[in-house]
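**Student:** Starting from the given sequences, assemble the full structure and let the hints guide the process.
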Amino acid sequence: MTSENSWYEAGARQRVAALLDPGSFAEFIGPEQREISPHLAIFDLPEQFDDGIIVGHGTLEGRRILVAAQEGRFMGGAFGEVHGAKLTGLLRAARTLGEPVLILFDTGGVRLQEANAGELAIAEIMRALVEARMAGVQVVGLIGGRAGCYGGGSLIAGCCSALIVSEQGRISVSGPEVIETNKGIEEFDSRDRALVWRTMGGKHRYLIGGADAFADDDVLAFREAALIVLAGNGRLDADVLEAEQQRLEHRLHRFGKAHDAIDIWTDIGVSEPTEIPGLATDEFLRRTTNKRETANGAR
Amino acid sequence: MEKLSFTMKPSTPATGTRARAIVGVVASGNLEVLLERNLPANICIIDIATAARGFAAVWEAVIEDFVTRRPAGGLHISINDGGARPDMVSLRLAQGVRLIEELEA
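First to last, the protein sequences are chains D and Y.
So in full-length UniProt numbering, spot 152 of the first sequence is number 152, and the numbers just go up one at a time.
So in full-length UniProt numbering, spot 20 of the second sequence is number 20, and the numbers just go up one at a time.
Treat the hints as calculated values from the structure; they're not laboratory data.
Here the structure is a predicted model, which is why all the values come from computation and not from measurement.
Worth double-checking, as some hints may not be accurate.
In the SDA-like style, the derived pairs of lysine to any residue whose C-alpha atoms are separated by at most 25 Å in a straight line are [what the hints assert, rightly or not]: (1) Y/K3 / Y/E36; (2) Y/K3 / Y/T17; (3) Y/K3 / D/D44; (4) Y/K9 / D/K291; (5) Y/K3 / D/E81; (6) Y/K3 / D/E32; (7) D/K291 / D/E272; (8) Y/K3 / D/A41; (9) Y/K3 / D/E35; (10) Y/K3 / D/K291.
Have a look at the derived ranges for each label pair, beta carbon to beta carbon [said to hold, decoys possible]: (11) Y/K9 / D/G136: 55 to 63 Å; (12) Y/G29 / D/Q246: 32 to 40 Å; (13) D/A243 / Y/Q95: 45 to 53 Å; (14) D/T289 / Y/L103: 41 to 49 Å; (15) D/R146 / Y/R85: 19 to 27 Å; (16) D/R235 / Y/L103: 40 to 48 Å; (17) D/R34 / Y/S11: 25 to 33 Å; (18) Y/Q95 / D/T266: 15 to 23 Å; (19) Y/G29 / D/R235: 45 to 53 Å; (20) Y/Q95 / D/A280: 30 to 38 Å.
The C-beta atom is built at its ideal place from N, Cα and C for all residues, glycine as well.
**Tutor:** Below, the structure written as structure tokens:
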């Protein structure tokens, strides 16, 4: 399902423009500053002037907000040194300014050509994100792009106050091909698209508390969801972490032996669970009301 | 990567007042085009970094066509190319001059 305003089809700049109040976005370190990757030229690979991420500020219903958007079509939205540093800087600014952050994830994880610099960037981002949250800043992740949210990107997403996901969004540490390569096709057939979406897709993540809001594949639906999520508090303290730890232990105990997402949907009491992947958003949300697990501001 | 640079004398200056514009993305068969309005109105410089070596003559033909058909005077255009076909390059250049004509959002 795609629409004229499809989040999945849009590029990073289009998403930011449609998400924020019209004309409110101002970019930090724009493409004209040419802060490109210092690593790609060594591999004789093409560079992009913004290194695949846009950071800046704008307003959402008049409220000032910081935003980062990954371009999933440039190197799979992967994190390199500069790409990562731009997000780290934005999160540090958020802490200083006390302004909420939206991260528009669209990433396969770390850019392999920048291995250690990319891995370090992930660690720096996670630290900056948690420090911002400890200072009371909300950091909300939006996931619905073609690259999904994998690898180090999924670890960062796991640190967010809340996640908004569409059916097209996928969240997982290891991607389908990685699992198949390491564990064999019997464990995970990466070419089975239905299996991939059933296991990592937005609907399943929403049902097991891996995401907090479910949105249509539409930029305005993401905007509405962001406004609702930002109205929450996004608290992060020892009590929140303790509660989430207990929830995850319970979840592992309850579903750890399940072989397929459908087993889990059956267990939580969704009617006609095999129909879930084909349901439109309204019907999906209606059928799963009060059935899904909810996270505790940490996951 | 191959780097190419062309200095052209377009017949028409770029319209609008926007200082810069960017279109496209660096991906297979695609390219990004950054346009900056910072040159004399009778000159257009196009700098290209391309993953596909050996196509200088094709680039030159596409750019000749572009500066003949579109108002490109005064623009410094920088391209990062991921191996786009000539029709895609023409489309992105046309999109770029169109975007820089628009009022600042």
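**Student:** For each hint, tell me whether it holds in the structure or not.
**Tutor:** Hints, verified against the model:
no., hint, result
1, Y/K3 / Y/E36, "holds, 19 Å"
2, Y/K3 / Y/T17, "violated, 29 Å"
3, Y/K3 / D/D44, "holds, 12 Å"
4, Y/K9 / D/K291, "violated, 67 Å"
5, Y/K3 / D/E81, "holds, 24 Å"
6, Y/K3 / D/E32, "holds, 18 Å"
7, D/K291 / D/E272, "holds, 13 Å"
8, Y/K3 / D/A41, "holds, 12 Å"
9, Y/K3 / D/E35, "holds, 18 Å"
10, Y/K3 / D/K291, "violated, 58 Å"
11, Y/K9 / D/G136: 55 to 63 Å, "holds, 58 Å"
12, Y/G29 / D/Q246: 32 to 40 Å, "violated, 49 Å"
13, D/A243 / Y/Q95: 45 to 53 Å, "holds, 50 Å"
14, D/T289 / Y/L103: 41 to 49 Å, "holds, 45 Å"
15, D/R146 / Y/R85: 19 to 27 Å, "holds, 21 Å"
16, D/R235 / Y/L103: 40 to 48 Å, "holds, 42 Å"
17, D/R34 / Y/S11: 25 to 33 Å, "holds, 29 Å"
18, Y/Q95 / D/T266: 15 to 23 Å, "violated, 49 Å"
19, Y/G29 / D/R235: 45 to 53 Å, "holds, 46 Å"
20, Y/Q95 / D/A280: 30 to 38 Å, "holds, 34 Å"
Consistency with the previously given hints fails for numbers 2, 4, 10, 12, 18, ordered from lowest to highest.
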